[in-house]
Amino acid sequence: MKKLDFNWQDNQIDLVLVISGDLILSQLPIQIAPPKTFDSTAKKIILNCFKLNQLDTSGANALLLALKALGFDFQQIIFEQISSDQTNIFNLVNERSETSPKTADLSTSRLYRFINFIGFSSIELLKIIASHLALLGHLLSITIFYIFNPRKIRFREVFSQLEQTGVQAIPVVMLVTFLIGTVVAYLLAMQAEKFGASIFVVDGVALAICREMSPILVAIILAGRSGSAFTAQLGAMKLTEEIDALKSIGLNSFDVLIFPRIFSLLVALPLLVFVGDIIGIFGGMLVTDHYLGLSSTSFFQRLEQVLTLKHILVGLIKAPAFALAIGLIACRVGMEVEKDARSVGLSTTKTVVRSIVIVILMNAAFTVVFANLGF
Amino acid sequence: MSPILEVKNLHNQFGSQVVHNGLSFTINEPAYIALIGGSGTGKSVLLKQIIGLTKPISGEILIFGKTPEYTFGEKGIRENPVGILFQQGALFSSLSVLENVEAPLREHTKLDFVERRKIARLKLGLAGFPLSSEGKMPSELSGGMLKRAALARALALEPKLLLCDEPASGLDPINARAFDRLMLTLTQSLKITALTVTHDLASVLNYADRVIAFAEGKILADGTASELKKVAHPWLSEYLSSGE
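Residue numbers (my numbering), protein chains in the order written: chain A, 1 to 375; chain B, 1001 to 1244.
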């Protein structure tokens, strides 16, 4: 690589700039000092390229821009002793480099931008809520239609989804609720032992598992497992134009894709909560047996007195509401995936985060309402 | 000076399927070169091996006298960059068009933000991409615009060799011809070699300076389009007359 140099030559009449060396990308940025006797009214400049070795487009562009900054347009430059290849490059660069485009002026005040941001976010939030309500309305209308035309339900899709969201989730639901059941039982047993109130551990475990733990754990597992899967599947189908293809053969994407998914979630979640109830209490029983020496017979006797149907129903009533929220969010987000690969990943994350937050919010609301109703 | 690209006695085989069987050719002069061949004749395999993504079973590929590993390594890219135009553009979807073109410059030069932007805008101009759309994301671009943006990124480091994988796919004939003219301008004015895998007959017949045809794992013919027409081979004559 030859060193790049610019020299102004004094020949009294014209302004002459001699370039020597390589004018290429790796030499950038360049700096051209104005000549000592700079006559800003000069009409032209002579560019002597005799010693110019290599030239590329970045270099040519930088030189033209630098000369422009000194007040010389391309028309005012006279090239001397230049090879035809180099002329071509200068011509092409001049032809293709547009003057920098108009960029939006962002010199607005901070306060303005802050208010702007709040406004936009609020509208965005309202739009999200509106689109979920629209989907809910759609779901209700189709459900009413199906009640009168049960044969139109796509049972094959529904059962295949039920298998994936329900049956295949049983092991992980069992594992998680079992462990949480044992942990709750240990925690209570350690406290209850001090007061000789061991038998109340049964109350604590049974109520905690059936009313709160099992519904919320199962909902979170399904949000992560099925909700994300729904979004990813629908998003990928949207990317590959499969959803458009469904429309083109006269199928409604709502009937074929969304209804079976939300419906299967609605059925599977309460069932899994029930599974969780049983296994969680079983976990608790093992701990009380091992840690407090409470026999399973006395555990069951106490359980029968404490765990009335009411408590189980409280948990089971919450489950379909969670399922609906997860299903609506997952499908809505999946259908809104944009046309690039990154979007699927982002949307999946969005689904999981939104569903878990909504499930926990709804659970809090349910708890307050049930407590006030005396359940 | 070592040749721009040298492929020597390339052998490739997947299972029992022989893809290349002693493939050799050399590129000495900057030109717009089209690589043609039926499906499964190993055009894409060759392109992948030139880039160094996979290795041939035997044979050698030299780019400016260096191996692909060297050329696409840290040092090679600065000495003799090679631009690659992928079939789907392969623009980074999280970056805007301008940032995409800037990305190689940010990695491999020490230029500041302002200088990089100047160069990136020049490249977009060279590729014929309208600067009013420079802030768009790749997902918002049409097929033709996507190819132009990808070309601008391929040109960012001033490559002397440009590898293109089916640049005309997904373009309408008007855009495809505009692309051909663009490539001719670049190859002629900037002395860039463009090695293009293509199925587009019009660009092969009317624009390419040199056509290399593959069949049965070997070079079937190598020359200008009119020279190729004289070669008697069933696939080649059917290919060249398929536009009639």
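Among the hints, erroneous ones may be present.
Said to hold, decoys possible - Here are the simulated DSSO-like pairs of lysine-lysine, each with C-alpha atoms no more than 27 Å apart in a straight line:
1. A:K2 - B:K1075
2. B:K1075 - A:K127
3. A:K51 - B:K1110
4. B:K1191 - A:K51
5. B:K1136 - A:K127
6. A:K3 - B:K1136
Quick caveat, the hints were computed from the structure, so don't treat them as lab data.
Run through the hints listed earlier and report the numbers of any the structure violates, in increasing order.
Failing hints, ascending: 2 and 6.
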